[in-house]
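Listed here are the chains, written in short residue letters.
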Amino acid sequence: MNNQAGYNFAYLDEQTKRSIRRGLLKAVAIPGFQVPFNSREMPMPYGWGTGGVQLTASILGEDDILKVIDQGADDTTNAVSIRRFFEHTAKGIDTTTDTAKATVIQTRHRIPEYALTEQQIIVFQVPIPEPLRFIEPSETETCKMHALEEYGVMHVKLYEDIAHYGHIATTYAYPVRVNHRYIMDPSPIPKFDNPKLHQNKALMIFGAGREKRLYAIPPYTDVHSLDFEDHPFAIQQWDQCCHLCGSDSSFLDEIIVDDEGARVFVCSDSHYCQQHANANNFSDNAEVHS
Amino acid sequence: MKIPSVEAEPLLHVEGVNKLYGINRGCQEIDFNLYAGEVLGIVGESGSGKSTLLNCLSGDVPPDCGQIVVASSVGDKVDLYQASESRRRLLMRSEFGIVKQNPRDGLRLQVSAGANIGERLMAIGERHYSRLRDVGIDWMSQVELDPERIDDFPETFSGGMQQRLQIARVLVTQPRLVLMDEPTGGLDVSVQAKLLDLIRSLVSELNLSVVMVTHDLAVARLLCHRLIVMKKSRIVETGLTDQILDDPQHSYTQLLVSSVLTP
Amino acid sequence: MTTRVTITNLHKRFLMHLQGAVQLSVLSGLSLTMKAGQCTVLAGPSGMGKSSLLKCLYGNYVITQGHIYLHFDQGDIDIATCEPRWIHSLRTQTIGYVSQFLRIVPRVPAIDIVMEPLINQGVDASIAKEKAAILLQRLHIPQSLWQLSPTTFSGGEQQRINIARGFIADFPVLLLDEPTASLDANNRLVVVELIQEAKQRGAALMGIFHDEEVRDCVADVIIDLSEYAA
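Chains as they are written, first to last, in the working numbering: chain R, 1 to 290; chain E, 1001 to 1263; chain L, 2001 to 2230.
Hint data in this document are derived by calculation from the structure and do not stem from the laboratory.
Values in this document were obtained by computation on a predicted structure and should not be read as measured data.
Don't be surprised by glycine CBs; every beta carbon is placed ideally from N, CA and C.
Cut-off 27 Å, straight-line C-alpha distance, at most; resulting in silico cross-link-like pairs (DSS-like, lysine-lysine):
id, chain 1, residue 1, chain 2, residue 2
1, L, K2129, E, K1194
2, R, K144, E, K1100
3, E, K1232, E, K1100
4, L, K2131, E, K1002
5, E, K1077, R, K144
6, L, K2199, E, K1002
7, E, K1002, L, K2035
8, E, K1002, L, K2129
Heads up, incomplete: computed chain E residues facing chain L, CB under 8 Å, no partners named:
id, residue
9, A1193
10, G1239
11, L1240
12, D1246
13, Q1249
14, Q1254
Looking at chain R on its own, in the form it has when it is part of the complex (with noise of 0.2 Å):
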């Protein structure tokens, strides 16, 4: 394989790529547990996608056709840059930006809107894995909390939020309980997100690069949103529809559009606005919300 300068296919060697493989299948086989794995110095610093980058390098083979979102969009820099990374390390693989037809979809913080396949993974950026992280900064504390299920403290969060606002106020990294047993972080996604965890039909995996941990919720698990009996969970809606294509059912963006404060609301998910709009013959001629 004659690769950018004398890179490994996909950027790590053979060797890591086994060892976070053999990460996967534990964390596959105890869904939402984190698992620590030997995350390597990647181009590119922390903070940046790291843990989700090597987890598509372990995974990604010369057939398979790679799609990279960030913030829904397919062409944002983030989404660019990594693409373009895995082009010239991965020589070979497809990329696209067609969710229906990629076999991996690296994203950072959303799921994409229309619904994944069995055929499909979907590789998550994750900043802080640990759900845990926010009541308590002890490690060894929160290890242990996991293993002996001791999760009071999480709905201690979810009171104080009702207690201070009214209603729940976590909007997005709101904490699940996966396959009835651990609970994890589903990283930065809106809770919009959320219910599409549940019993899902692909592979879902996620990676931590500066924290070093993975965990995955493998296909037709249960994943439940953490709440009260008389504060269900409830996902974000909007007034207005997407300015673009006219959904009504799916996460919007608040764009400025001028320097009057004139705003739209626009499809997160850059790939469904478009088929969206091509479908129904949708007009972008449509007044602008001030």
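Given the structure of chain R, go ahead and fit chains E and L onto it with the hints provided.
Leaving out everything else, chains E and L in the frame of chain R:
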């Protein structure tokens, strides 16, 4: 006349417990029983081993040898350090309570008073927000804190109030055994008095069993039914509080009792 | 008449470690019995161990040698050798004690102090309160004082609280240490009445009375402790 009734089985049975950090530093040859509804005081000067003993009883520090056996609420006897860690931690969370000397060590400072009180309930599965709130308000009244302050952070309460909040946090799961480490230490005299009254009434209302470490004999006289006197890691005398204080037998106990200033 | 208490060969000595290990002997080889419906009065000059004997009976003093047997339907208990928790139970259900001084738990209202022995026996608070009220009235404690802590009461008033507390529960054994010391004639009479009532219901009493009039009214047996001095 009818013979009086006594508890047949002890709630807490301590036998041959040693935990030493050096020659006569720590505690050794500790034997005693605690029965339901009793308040047992452990008195002695600094360095006598009181806190070491309490740490062994609380499940935090395994003794070098000996047994600490508790009667659980389901009727079986649990050897605290033979049981699995998960069983021990569960017991400590629900059936035992520990009131620490410094309330800041026993509270979560980053969450509100209500969350502090509700946490142990949430830990054993309570998932109804309104119920948690009602319990929080109720307990705040019971420990004489203003229920309007349920959303305030512990930092905003005075030391005495923090201590009362800690007591509420601990008692919310109705533990059968409460360990207290100098609960009135560091508080102003009038604040101490209020706290002692509160502890006294809770003990009788809830039929609590308490093991209380204190160096203050006046507190012991007021709250404890029985005393254990420790000196240099050993128990030197034990008996009913009034007997120990009115007719001390051991030379060290006599010294302790005679040293108390009476205003 | 049933014997409630048997004291055999009782010795009480104090060993004062702090005063050069001086030994002080207050009782030496005392034996006596207390029978139901009787009041045993302890006589003798001060320092003869009268209060000490009461305190030994109550478990407040450690018994150096000898036995104090309480006779129950189900068997005997020896105060000298039983576990502290038994003494605690005896104090709740069997032995009452009117001491010379009221040890005041601060901030507790007088009526609550009087009710306490009944509450400890599991009696309903409202019933206990009624009984306490009746006793306090008999002892001429004005109702305005009932909700106050006795810290500010006069010596006589404090003593009457003590008496009410001692007589409220029908203890089968009752110990009285100078119960009439600070009382006027009217209240002394009330105490005598209370003692007669206790005797009638079968209690065994032991008391120390400096007041000869009262003593003569209530005593069935008089024991001069100077015979048992060390």
